[in-house]
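Asker: All chains should be modelled from the sequences, with the hints used to inform the complete structure.
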Amino acid sequence: GAGVSQSPRYKVAKRGQDVALRCDPISGHVSLFWYQQALGQGPEFLTYFQNEAQLDKSGLPSDRFFAERPEGSVSTLKIQRTQQEDSAVYLCASSLVRSSYEQYFGPGTRLTVT
Amino acid sequence: EDQVTQSPEALRLQEGESSSLNCSYTVSGLRGLFWYRQDPGKGPEFLFTLYSAGEEKEKERLKATLTKKESFLHITAPKPEDSATYLCAVQATGRRALTFGSGTRLQVQP
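Protein sequences appear in the order of chains S and E. Counted from 1, the first sequence has number 88 at position 88 by the numbering used here; the numbering is strictly sequential. Counted from 1, the second sequence has number 1055 at position 55 by the numbering used here; the numbering is strictly sequential.
FYI, nobody ran anything at the bench for these hints, they're computed from the structure. Errors might be hidden in some of the hints.
As the list claims (entries may be wrong) - Looking from chain S toward chain E, a few residues come up when the C-beta cut is under 7 Å (computed):
1. Q41
2. G42
3. P43
4. F45
5. Y48
6. L91
7. Y101
8. E102
9. F105
10. G106
11. P107
12. G108
Unchecked claim - Once the Cα atoms are required to be at most 30 Å apart in a straight line, the calculated DSSO-like pairs of lysine-lysine come out as:
13. E:K1063 - S:K57
14. E:K1063 - S:K14
15. E:K1042 - S:K11
16. E:K1042 - S:K57
17. S:K78 - E:K1042
What the hints assert, rightly or not - A few chain S positions that, by computed beta-carbon distances, are all more than 10 Å from chain E:
18. R15
19. N51
20. E85
21. S87
No experiment lies behind these values; they were computed from the predicted model shown. Beta carbons are placed, not taken as given, at the ideal position from N, Cα and C, and that holds for glycine.
Answerer: Right, dumping it as structure tokens:
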């Protein structure tokens, strides 16, 4: 079956621009997660949705980062006024609620801020 | 604060040379420990979940084990296609977020 998809796969933004990254989770997966992965590091948690409710946003690094999932399916991560330190791969993952809690990841969006 | 430390950072093996990767963790209460494989330019691929000390899981040439303080990923007779970064992550009780280590970059030479 189809896995998690993300778009765009690559994004180059000039410092100060706003960007929007999209995630399509696996069909039927209630939970959706966003992670940020710097080069050579493991992913770091940003935020978590169950259906349309954002239940944990403790990992968002600043108020420039905003995520939404209005209909409980597709999610968008928005970064306002991008800075060079925002350059990273942004990973989306989804999971079932009543399962062994494993999260299935998409291919990521590589954001480069110049 | 939950912490995960993986060692070694990088490992180079000859094809057929078995070895183990280590994942040490501290967590307030462990709901699960996860192993993922990540190839360059791709997202992490789920391998195993372990829930309690003493548990073991196997998949092809890989076996994961868990104690109260660490997990090992044993690779038996590796092949070049096993080359990847292996990530370990913990999930604390009451949370859904995963805390990852920095990974072990494994290279298997033919």
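Asker: If a hint holds in the structure, say so; if it doesn't, say that too.
Answerer: Taking the hints in turn, this is what the structure says about them:
This hint holds: Q41 of chain S has a C-beta 5 Å from the nearest C-beta of chain E, less than the 7 Å allowed. Look at G42 of chain S: its Cβ gets to within about 3 Å of chain E, closer than 7 Å, so that hint holds up. Here the hint on P43 of chain S is kept, as its CB sits about 5 Å from the closest CB of chain E, short of 7 Å. Satisfaction of the interface hint for F45 of chain S is found here, the shortest Cβ-Cβ separation to chain E being roughly 4 Å, below the 7 Å cut-off.
Using the Cβ-Cβ criterion of 7 Å, the hint placing Y48 of chain S at the interface with chain E is satisfied: the shortest such distance is roughly 5 Å. Annotation: L91 of chain S was flagged as interfacial toward chain E, and the flag holds, the nearest CB pair being 5 Å apart, inside 7 Å. Annotation: interface hint on Y101 of chain S holds; nearest CB of chain E at approximately 6 Å, less than 7 Å. Below 7 Å, beta-carbon pairs count as interface contacts, and E102 of chain S has one with chain E at about 5 Å; its hint therefore holds.
For the restraint placing F105 of chain S at the interface with chain E, the shortest Cβ-Cβ distance is roughly 4 Å, inside the 7 Å limit, so the hint holds. Of the supplied interface hints, the one on G106 of chain S holds, with its beta-carbon coming within about 5 Å of a beta-carbon of chain E, less than 7 Å. Below 7 Å, beta-carbon pairs count as interface contacts, and P107 of chain S has one with chain E at about 5 Å; its hint therefore holds. A distance limit of 7 Å between C-beta atoms decides the matter here; for G108 of chain S the minimum to chain E is near 5 Å, and the interface restraint holds.
Using a Cα cut-off of 30 Å, the hinted pair K1063 of chain E and K57 of chain S is violated, with the two alpha carbons roughly 34 Å apart. With a C-alpha separation of about 45 Å, the suggested pairing of K1063 of chain E with K14 of chain S is violated against the 30 Å cut-off. For the given pair, K1042 of chain E sits about 16 Å from K11 of chain S by alpha-carbon distance, which is consistent with the 30 Å threshold. For the hint pairing K1042 of chain E with K57 of chain S, the CA-to-CA distance comes to about 24 Å; that is within 30 Å, so the pair holds.
Pair hint K78 of chain S plus K1042 of chain E holds up; C-alpha atoms about 21 Å apart against a cutoff of 30 Å. Annotated as non-interface, R15 of chain S keeps its C-beta farther than 10 Å from every C-beta of chain E; the closest such distance is 25 Å. Look at N51 of chain S: its CB is around 13 Å from the nearest CB on chain E, clear of 10 Å, so calling it non-interface holds up. For E85 of chain S, the condition that its CB be more than 10 Å from all CB atoms of chain E holds, with the nearest at approximately 18 Å.
Residue placement check: S87 of chain S keeps its beta carbon more than 10 Å from all beta carbons of chain E (closest about 16 Å).
Of the hints listed earlier, those the structure fails to meet are numbers 13 and 14, in rising order.
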